[in-house]
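Student: All chains, full assembly: derive it from the sequences and hints.
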Amino acid sequence: MRRTLPTAAAILVAMVLQVAIAPHIAIGGVVPNMFLLVVVTLALVEGPAAGATSGFVAGLLFDLLGTAPVGPGALVLAVAGFIAGALHAHMFAEGWRLPLSVLFITSLATEIAYGFMLSVLSAGGPFWDALTHVILPGTVYNAVLAFLVYPWLARFLRRDPQMTTFHRLG
Amino acid sequence: MKLPERDTSTGSSALLAALVVLALIITTVYYREADTGPVHSLRRGVKAMTAPIASGGEVITRPFRSTADWFSGFGVRREELEVLSAQNAELRATVAELEEARQENERLTDLIGFVEAREFEAVGAHVIGRPATSWEHVFTIDRGTDDGIEIGMPVLGANGLLGQTVLVTGRSATVRLLSDRRSGVAALLQGTRAEGIVSGAIDGPMELEFVSVDTTVTIGDVVLTSGLGGVYPKGLLIGEVSSTQAADNDLFQRIQLLPAATLKGIEEVVVLVGAGTIPDLGGGE
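Here the protein sequences come in this chain order: A and B.
No gaps in the numbering here: position 57 of the first sequence is 57 in my numbering, and each next residue is one more.
Residues are numbered in my numbering as their position in the second sequence, beginning at 1, plus a constant of 1000.
Among the clues, some could well be false.
[Unchecked claim] If you want a taste of the chain A side facing chain B, the calculated C-beta under 10 Å gives, among others:
(1) Thr7
(2) Ile11
(3) Asn33
(4) Gly71
(5) Ala74
(6) Glu111
(7) Met117
[Unchecked claim] Pair ranges (Cβ atoms, derived):
(8) Phe1210/B - Phe127/A: 18 to 26 Å
(9) Phe127/A - Gly1037/B: 26 to 34 Å
(10) Val120/A - Leu1098/B: 28 to 36 Å
(11) Glu1079/B - Ile27/A: 26 to 34 Å
(12) Leu5/A - Ser1085/B: 45 to 53 Å
(13) Ala1018/B - Arg3/A: 17 to 25 Å
(14) Gly1056/B - Val120/A: 34 to 42 Å
(15) Ala8/A - Val1213/B: 54 to 62 Å
(16) Arg3/A - Ala1034/B: 35 to 43 Å
(17) Phe127/A - Lys1234/B: 18 to 26 Å
(18) Gly1170/B - Val120/A: 30 to 38 Å
(19) Leu5/A - Glu1097/B: 27 to 35 Å
(20) Leu1022/B - Ala8/A: 14 to 22 Å
(21) Asp1214/B - Ile27/A: 53 to 61 Å
Quick caveat, the hints were computed from the structure, so don't treat them as lab data.
Positions of the beta carbon are idealized from the N, C-alpha and C atoms, including for glycine.
Tutor: This is the structure:
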């Protein structure tokens, strides 16, 4: 219960940023996914259960904000949160390279899975076109953004109060 | 190095399985329910709730966007550039409209008593939200059902057709751009009157499809709505041909278009009320 409030706050802030800021920092039509950054960070500091739950909620909000079918985003982000959380449980290290590598890989896998689901549902266009024009540029953009915000976000969300310095977190 | 924490992996897996099933159920319900169903209603609620947030973002980022626009037009005075751009866009639209009117006049002068009514009631709106994901080309305006907006109404920018309303709440509406992959517009080439379908693409510019290889198409040809299907009224400016190609055995040409109106820099639009309320070929919400 003590962790519910920061988690809910982080997802709400992600929603506000996704609606109000993300469209205006889009590069070439590629919009960063704030929900993904928050979900993977939550998963890395909280584990697979929190990652899956927050991923489902954030993904559902992501779906509801758009005009595409509702559900694929929730499914994909729930799985992404679970996998990132499982990585946390088995191989988390106190450095910045590993979490950011996980973020990059999870971002790529999430975008691919979401694009594939939209293609299956005939709502997203040819998958290979999406791969080169949305998925790969989006992954790179998310990774760059994660590099900038992950240390601060992890500091806000992590459970261990002693881990407060940028260096140890980052 | 942090030692692994003993996670209740079985419980987590069961939770994930339950969430996946729930997501699939939501997707199924979304496809099977009517527009008044719970998932669609929830989406309208979220849209209504986030419209003011999007509007706030639009206001907050406006100075930064103006600065970026100023830098992009570096070398020419900003006021001068704005005036020239506006004049150019207005003239191009006027020329296209006049040419269309001239050809239309020629065709119709022999038809005594035939008058095609093209007077629509229009509602002005501000753009309050831009595309929030990379997967779709939509934007939000500050007019909704309270202002007479319905699903399926054409939306125009200063230079031409932008798209169609696909989701409407009381005080806001979501507009799907022509460049969205799910958009489809019955169109014709102004010069040859050849008809086709303009559709958006996720990987680049709009395309005019189903135009025979026997039709002569040149770069710069103006493309207008044909009015077929009843979705969009006839004669709205869509754009102009930017490239065309066809292989030896193709039945149809591959024609790419430069849109007359894009969302970049647009802050006000016009919704044609009563012009048509049929969702486009991609389907409405």
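Student: Decide, hint by hint, whether the structure agrees.
Tutor: Checked hints:
1. With its C-beta approaching chain B no nearer than about 15 Å, Thr7/A sits outside the 10 Å limit, and its interface hint is violated.
2. Interface restraint check for Ile11/A: the shortest CB-CB distance to chain B comes to about 13 Å, outside 10 Å, so the restraint is violated.
3. A least Cβ separation of about 7 Å between Asn33/A and chain B falls short of the 10 Å threshold, and the interface hint therefore holds.
4. Taking 10 Å as the C-beta contact cut-off toward chain B, the hint placing Gly71/A at the interface holds, the least distance being around 3 Å.
5. A hinted interface residue such as Ala74/A counts as satisfied when its beta carbon comes closer than 10 Å to some beta carbon of chain B; here the least separation is about 4 Å, so the hint holds.
6. Among the interface hints, the one on Glu111/A holds; its C-beta lies about 8 Å from the nearest C-beta in chain B, closer than the 10 Å criterion.
7. Taking 10 Å as the C-beta contact cut-off toward chain B, the hint placing Met117/A at the interface holds, the least distance being around 9 Å.
8. About 23 Å separates the C-beta atoms of Phe1210/B and Phe127/A, a value consistent with the hinted range of 18 to 26 Å.
9. About 29 Å separates the C-beta atoms of Phe127/A and Gly1037/B, a value consistent with the hinted range of 26 to 34 Å.
10. As the Cβ distance of Val120/A to Leu1098/B is approximately 47 Å, the hint placing it in 28 to 36 Å is violated.
11. In this structure the supplied range 26 to 34 Å holds for Glu1079/B paired with Ile27/A, their Cβ-Cβ distance being about 28 Å.
12. Between Leu5/A and Ser1085/B, the C-beta spacing of about 49 Å keeps the proposed range 45 to 53 Å intact.
13. In this structure the hint that Ala1018/B and Arg3/A lie 17 to 25 Å apart at CB holds, the actual value being about 20 Å.
14. Between Gly1056/B and Val120/A the CB atoms are about 36 Å apart, so this pair conforms to the stated range of 34 to 42 Å.
15. Separation of Ala8/A from Val1213/B is about 58 Å and conforms to the stated range, judged on CB atoms against 54 to 62 Å.
16. Between Arg3/A and Ala1034/B the beta carbons are some 39 Å apart, a value that agrees with the proposed interval 35 to 43 Å.
17. Range check, Phe127/A to Lys1234/B: about 36 Å between beta-carbon atoms, so the 18 to 26 Å window is missed.
18. The hint said 30 to 38 Å for the Cβ distance between Gly1170/B and Val120/A, and at roughly 34 Å that hint holds.
19. Here the CB-CB span from Leu5/A to Glu1097/B is close to 58 Å, at odds with the stated 27 to 35 Å.
20. The hinted range of 14 to 22 Å is satisfied by Leu1022/B and Ala8/A, whose Cβ atoms lie roughly 19 Å apart.
21. Between Asp1214/B and Ile27/A the CB atoms are about 41 Å apart, so this pair departs from the stated range of 53 to 61 Å.
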